[in-house]
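So the sequence shown is numbered by the working numbering: it starts at 1 and just counts up by one.
To be clear, the hints were calculated from the coordinates, so they are not data collected in a lab.
Please note: incorrect hints may appear among the correct ones.
To be verified - Under the rule of at most 30 Å between Cα atoms (straight-line distance), these lysine-lysine pairs were calculated in the DSSO-like manner:
1. Lys-60 / Lys-83
2. Lys-60 / Lys-44
3. Lys-44 / Lys-15
4. Lys-113 / Lys-83
5. Lys-59 / Lys-15
6. Lys-82 / Lys-15
7. Lys-83 / Lys-24
8. Lys-24 / Lys-59
9. Lys-15 / Lys-60
10. Lys-24 / Lys-82
11. Lys-60 / Lys-48
12. Lys-113 / Lys-44
13. Lys-48 / Lys-15
14. Lys-82 / Lys-113
15. Lys-24 / Lys-44
16. Lys-82 / Lys-59
17. Lys-113 / Lys-15
18. Lys-48 / Lys-83
19. Lys-60 / Lys-24
20. Lys-15 / Lys-83
21. Lys-60 / Lys-113
22. Lys-48 / Lys-59
23. Lys-48 / Lys-113
24. Lys-83 / Lys-44
25. Lys-59 / Lys-83
26. Lys-24 / Lys-113
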Amino acid sequence: LVPWENGNDDWFPEKMGEIMSRTKVWCDIMSLGPPDGLFLEKMKEALKTIYDNAEGSDKKVTIRMMFGNIVGMPVNCDRVIKKLTEDLPQDAGERINMWVGAWRFGCSWNHAKIIAVDG
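Start from the sequences, fold in the hints, and give me the full structure.
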């Protein structure tokens, strides 16, 4: 059975979350826009796994995200961080460093789709 034979594309955000969950030291994510829907849900689950796995480590896990800052659809990076981390424990900042950015130069903005992790 190939992933898409179940009649939907839910496998894709699930796979993204699975890859993110392998993070031990760093995770870089680039996409046209910030996550929403099932993508947001699976990324939040992955961040909780990363948080849990970082317990007892003497180094923080670094997570960097970059999105396109599309004309007419600006990205509020602070709001993205708040949404992604709202379900994490209060001490999450002791285990995770997270940066979220959005980029545009004139009529050009990030279109990359990348997930890179060390694990």
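Hints versus structure:
1. Lys-60 / Lys-83: This hinted pair holds, its Cα atoms lying about 20 Å apart.
2. Lys-60 / Lys-44: holds, 18 Å
3. Lys-44 / Lys-15: holds, 13 Å
4. Lys-113 / Lys-83: holds, 20 Å
5. Lys-59 / Lys-15: holds, 26 Å
6. Lys-82 / Lys-15: Satisfied, since the Cα-Cα distance of roughly 23 Å is no more than 30 Å.
7. Lys-83 / Lys-24: Cα-Cα ~22 Å, so holds.
8. Lys-24 / Lys-59: holds, 10 Å
9. Lys-15 / Lys-60: Roughly 24 Å between the alpha carbons, so the hint for Lys-15 and Lys-60 holds.
10. Lys-24 / Lys-82: Distance ~22 Å between Lys-24 and Lys-82 Cα, so the pair holds.
11. Lys-60 / Lys-48: Within the cut-off at roughly 14 Å; holds.
12. Lys-113 / Lys-44: At roughly 18 Å apart (the allowed maximum being 30 Å), Lys-44 and Lys-113 satisfy the hint.
13. Lys-48 / Lys-15: holds, 16 Å
14. Lys-82 / Lys-113: Judged against 30 Å, a Cα distance of about 22 Å means the pair holds.
15. Lys-24 / Lys-44: Answer holds: Lys-24 to Lys-44 is near 16 Å, not above 30 Å.
16. Lys-82 / Lys-59: holds, 22 Å
17. Lys-113 / Lys-15: holds, 14 Å
18. Lys-48 / Lys-83: holds, 13 Å
19. Lys-60 / Lys-24: Given that 30 Å is the threshold and the Cα spacing comes to 9 Å, the pair holds.
20. Lys-15 / Lys-83: Holds, at about 20 Å.
21. Lys-60 / Lys-113: holds, 25 Å
22. Lys-48 / Lys-59: Distance ~17 Å between Lys-48 and Lys-59 Cα, so the pair holds.
23. Lys-48 / Lys-113: Holds, because 22 Å separates the two Cα atoms, which is no more than 30 Å.
24. Lys-83 / Lys-44: Judged against 30 Å, a Cα distance of about 9 Å means the pair holds.
25. Lys-59 / Lys-83: holds, 24 Å
26. Lys-24 / Lys-113: Between Lys-24 and Lys-113 the Cα gap is close to 21 Å, so the pair holds against 30 Å.
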